[in-house]
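Q: Sequence:
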Amino acid sequence: MAEHSLLEKLSGINEKFETLSGQLSDPEVIADMKKYVQLNKEYKELEPIVEAGNKYRKMIENLEGAKEILSKEKDEELREMAKEEVAEIESQLPDMEENIKLLLIPADPQDSKNAIIEIRGGTGGDEAAIFAGDLFRMYAKFCEKRNWKLEVTSQSEGAAGGFKEMICKVSGEGVYGVLKYESGVHRVQRVPQTETQGRVHTSAASVVVLPEADEFDIELNMNDIRKDTFCSSGPGGQSVNTTYSAIRLTHIPSGLVVQCQDEKSQLKNFDKALAELRTRLYNMEYEKYLNEMSSKRKTMVSTGDRSAKIRTYNYPQSRVTDHRINYTMYNLPVFMDGAIQEVIDQLQIAENAERLKAATE
Numbered sequence: 107m108a109e110h111s112l113l114e115k116l117s118g119i120n121e122k123f124e125t126l127s128g129q130l131s132d133p134e135v136i137a138d139m140k141k142y143v144q145l146n147k148e149y150k151e152l153e154p155i156v157e158a159g160n161k162y163r164k165m166i167e168n169l170e171g172a173k174e175i176l177s178k179e180k181d182e183e184l185r186e187m188a189k190e191e192v193a194e195i196e197s198q199l200p201d202m203e204e205n206i207k208l209l210l211i212p213a214d215p216q217d218s219k220n221a222i223i224e225i226r227g228g229t230g231g232d233e234a235a236i237f238a239g240d241l242f243r244m245y246a247k248f249c250e251k252r253n254w255k256l257e258v259t260s261q262s263e264g265a266a267g268g269f270k271e272m273i274c275k276v277s278g279e280g281v282y283g284v285l286k287y288e289s290g291v292h293r294v295q296r297v298p299q300t301e302t303q304g305r306v307h308t309s310a311a312s313v314v315v316l317p318e319a320d321e322f323d324i325e326l327n328m329n330d331i332r333k334d335t336f337c338s339s340g341p342g343g344q345s346v347n348t349t350y351s352a353i354r355l356t357h358i359p360s361g362l363v364v365q366c367q368d369e370k371s372q373l374k375n376f377d378k379a380l381a382e383l384r385t386r387l388y389n390m391e392y393e394k395y396l397n398e399m400s401s402k403r404k405t406m407v408s409t410g411d412r413s414a415k416i417r418t419y420n421y422p423q424s425r426v427t428d429h430r431i432n433y434t435m436y437n438l439p440v441f442m443d444g445a446i447q448e449v450i451d452q453l454q455i456a457e458n459a460e461r462l463k464a465a466t467e
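Here our numbering runs 106 ahead of the position in the sequence shown, where the first position is 1.
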């Protein structure tokens, strides 16, 4: 019965997929860029479900064919082959059905987007800023491994190294769906560089990961934005403190302020600042969705309280512990060198289990 129910759902999705395919070749839809982008996104989201559904349907047909041979065929050799096929297919079907059920649950609509990462030193003074710098390096290495592009938007360096604040944009395929698990407070336990007695201190840095708003996600009225220019500060050669290339944008209705001074070109800084402003306005609405999801998924701190402690990095024991899933590894140097995929995989498995459970309740 469950098998027929699944086939019916897949049949409905196939019909929708075919309809979208026709719409995407319609000249009127192609002319409306906003509509085309939306429909193309839906089409790509359905593609893996349709592929898995076709494979599942073929397997069901093969199973029925093999069972028919068993019921009618007298030849023992053919019957033995049919028995083997039935056993093989029946052992594969449960996993395939589980995978399809997971694919049928609507994904977070933001998962495919690029991401804005904010890293800020928290409690712990200079050591917290140094740790924020370590986290930035960890994410930079991870992005390099994934062939994602990382661009720094703004930064404020710590007095003893690292960063008081670092904001960057990460572009690539499915970036937010992976990095969203990093939102929260990261705690470090180690002997700080500034410690003369050799005592272990605890300090922290906060990470916030936001999905970057697309141009079509939110419409900005330029009359609502005040633009200010100022001189860049920090490293950058002769243009620093002499050229008004840094940009500050204020969204008057909301009071939101963003700035960018990473580029030497005022125009490039303006484009980056505008993209960040659009993202922050979009995320004011997205926050409501996050809060709603946090009440449903207790495992995922990232989808709710971003001030919650999510991970501890213990240097004396070379230990990393993710508190959301009680997952511990003893490979801290490798982890800090960007090998964070293992813990993200475990978080995704935990979230998928919760999503499946919620869907069947």
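Don't take every hint at face value.
What the hints assert, rightly or not - Pair by pair, the computed Cβ-Cβ distance ranges are:
| # | residue 1 | residue 2 | range |
| --- | --- | --- | --- |
| 1 | H429 | A137 | 49 to 59 Å |
| 2 | G171 | A459 | 33 to 43 Å |
| 3 | A137 | V440 | 43 to 53 Å |
Keep in mind that the hints were calculated from the coordinates and are not lab data. Please read all numbers here as calculations on a predicted model, not as lab measurements. We put the beta carbon where it would ideally sit given N, CA and C, even for glycine.
Q: Does each hint fit the structure? Answer for all of them.
A: Now the hints, each set against the structure:
no.: 1; hint: H429 with A137: 49 to 59 Å; in the structure: 51 Å, holds
no.: 2; hint: G171 with A459: 33 to 43 Å; in the structure: 34 Å, holds
no.: 3; hint: A137 with V440: 43 to 53 Å; in the structure: 51 Å, holds
In terms of the numbered hints stated before, the structure departs from none.
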